[in-house]
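**Student:** I would like the entire structure built from these sequences, with the hints used as guidance.
2 protein chains.
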Amino acid sequence: MEELKIIELKESVFADNDAEAEKLRGDLKARGQFLLNLMSSPGSGKTTTLAKLIESLKGRYKIGVVEADIDGAVDADEIQRETGARAIQLHTGGMCHLDAGMTRQGIESLDADGLDLIFLENVGNLVCPAEFDTGASKCAVILSVPEGDDKPLKYPLMFEKADVVILNKIDVLPYFDFSMDTFTTYLRARNSHCDLIPISAKTGEGMDKLASWVADEMEAWRK
Amino acid sequence: MEELKIIELKESVFADNDAEAEKLRGDLKARGQFLLNLMSSPGSGKTTTLAKLIESLKGRYKIGVVEADIDGAVDADEIQRETGARAIQLHTGGMCHLDAGMTRQGIESLDADGLDLIFLENVGNLVCPAEFDTGASKCAVILSVPEGDDKPLKYPLMFEKADVVILNKIDVLPYFDFSMDTFTTYLRARNSHCDLIPISAKTGEGMDKLASWVADEMEAWRK
Numbered sequence: 001m002e003e004l005k006i007i008e009l010k011e012s013v014f015a016d017n018d019a020e021a022e023k024l025r026g027d028l029k030a031r032g033q034f035l036l037n038l039m040s041s042p043g044s045g046k047t048t049t050l051a052k053l054i055e056s057l058k059g060r061y062k063i064g065v066v067e068a069d070i071d072g073a074v075d076a077d078e079i080q081r082e083t084g085a086r087a088i089q090l091h092t093g094g095m096c097h098l099d100a101g102m103t104r105q106g107i108e109s110l111d112a113d114g115l116d117l118i119f120l121e122n123v124g125n126l127v128c129p130a131e132f133d134t135g136a137s138k139c140a141v142i143l144s145v146p147e148g149d150d151k152p153l154k155y156p157l158m159f160e161k162a163d164v165v166i167l168n169k170i171d172v173l174p175y176f177d178f179s180m181d182t183f184t185t186y187l188r189a190r191n192s193h194c195d196l197i198p199i200s201a202k203t204g205e206g207m208d209k210l211a212s213w214v215a216d217e218m219e220a221w222r223k
Numbered sequence: 001m002e003e004l005k006i007i008e009l010k011e012s013v014f015a016d017n018d019a020e021a022e023k024l025r026g027d028l029k030a031r032g033q034f035l036l037n038l039m040s041s042p043g044s045g046k047t048t049t050l051a052k053l054i055e056s057l058k059g060r061y062k063i064g065v066v067e068a069d070i071d072g073a074v075d076a077d078e079i080q081r082e083t084g085a086r087a088i089q090l091h092t093g094g095m096c097h098l099d100a101g102m103t104r105q106g107i108e109s110l111d112a113d114g115l116d117l118i119f120l121e122n123v124g125n126l127v128c129p130a131e132f133d134t135g136a137s138k139c140a141v142i143l144s145v146p147e148g149d150d151k152p153l154k155y156p157l158m159f160e161k162a163d164v165v166i167l168n169k170i171d172v173l174p175y176f177d178f179s180m181d182t183f184t185t186y187l188r189a190r191n192s193h194c195d196l197i198p199i200s201a202k203t204g205e206g207m208d209k210l211a212s213w214v215a216d217e218m219e220a221w222r223k
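For the protein sequence lines, the chains are D and X, in the order given. When the letters of the first sequence are read in order and numbered with our numbering, they come out as residues 1 to 223. When the letters of the second sequence are read in order and numbered with our numbering, they come out as residues 1 to 223.
Covered stretches of chain D (chain X as the covering partner; in silico rule of three or more C-beta atoms under 8 Å from a C-beta of chain X):
#1 64-72
#2 122-129
#3 146-158
Straight-line Cα separation of at most 27 Å, BS3-like style, residue types lysine-lysine; simulated pairs:
#4 X:Lys-202 / D:Lys-202
#5 X:Lys-10 / D:Lys-161
#6 D:Lys-23 / D:Lys-138
#7 D:Lys-10 / X:Lys-161
These are computed hints drawn from the structure, not numbers from a lab. In this text the structure is predicted, and so the values were computed from the model without any measurement. Here a beta-carbon is modelled for each residue, glycine too, at the ideal position from N, C-alpha and C.
**Tutor:** Below, the structure written as structure tokens:
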């Protein structure tokens, strides 16, 4: 196995992040590469979900992973060890989000030539990452059952930006006061168009549906 | 019951947040008021923990609560309804943290005269709130079992800033891969001096110990 590459991010020099994001999105599209930005709170199960997704898609597509964290390399380590996918770890140096310039640094460091599908695991934070367009093709937001059904009410922008909301850890629904009706009502007040996919990355429930969503969105993007 | 007051925060005008925080801390100390800054991810159980804490301390102390969220008023509503404590809701208008100027706005709006103990429930975010001194007397960080034992590794500053780390939702330890040894090792690598108090706000386990911690720190502060 390759040694894990850890990149200490430099601050972005671009004043206009939106323009830089559009440029990156255009470059990716021209190369036929689909970039999925995964956002969530710390501990929602992003890395486990990602590992399962890669297992189910890696027979069909060449996949790379850009992991971002303030510090540590446990996520990229885990992805590389469990799935064999090419992964790099970005350190944001205290920064609470990724922007398009940082995302580009990550993709270039990954050596992404020939990849079909790149997952960007954003910093664990339900606030700031939603404010910065990374240049990704689509945005996925993961919320886990233990975090509570009221989160779309309290973190509006994150749920507004989602193309898909993945509700993880549904295996522990019996142990938490989480109402699917309440959650759906709050989510739809923020976002009427996104898909909602309940899963348990631990038991595998719903993972087929999520893998199909990713594959379908990628195929549509590449057309 | 009083109607709930919701304050739309203005951006702070102070260039030097550290100086403003020291000033607020001094003002609070002069009035014999203890301000505890509660920080955590969304969904770690801050509000439930707070409601239980207030129940156990309100016979001895006059307590107020400043709740901060980007949007919504569910937390201040819940606190006021369940405990009868004086509470206000701050809306940060998208901002991911509180600073000392915003905290002062909150305390002034709470009409804090005569209170002994003020809880500040910061924005749910394990990154940015740690970067800003609010002027609080002490900082508490809540992590919940479902978030995972690796969080001190990935969110260093938050755990470095803690005077106490409250590990919540220990009632669900059997359903998650959470190693108390791993967690303690990572936590101690970030912070050798903070207290660590495992609790379940749901079942009440550990809440006596937490209430004693708050009362002891408050008494020490007021001396």
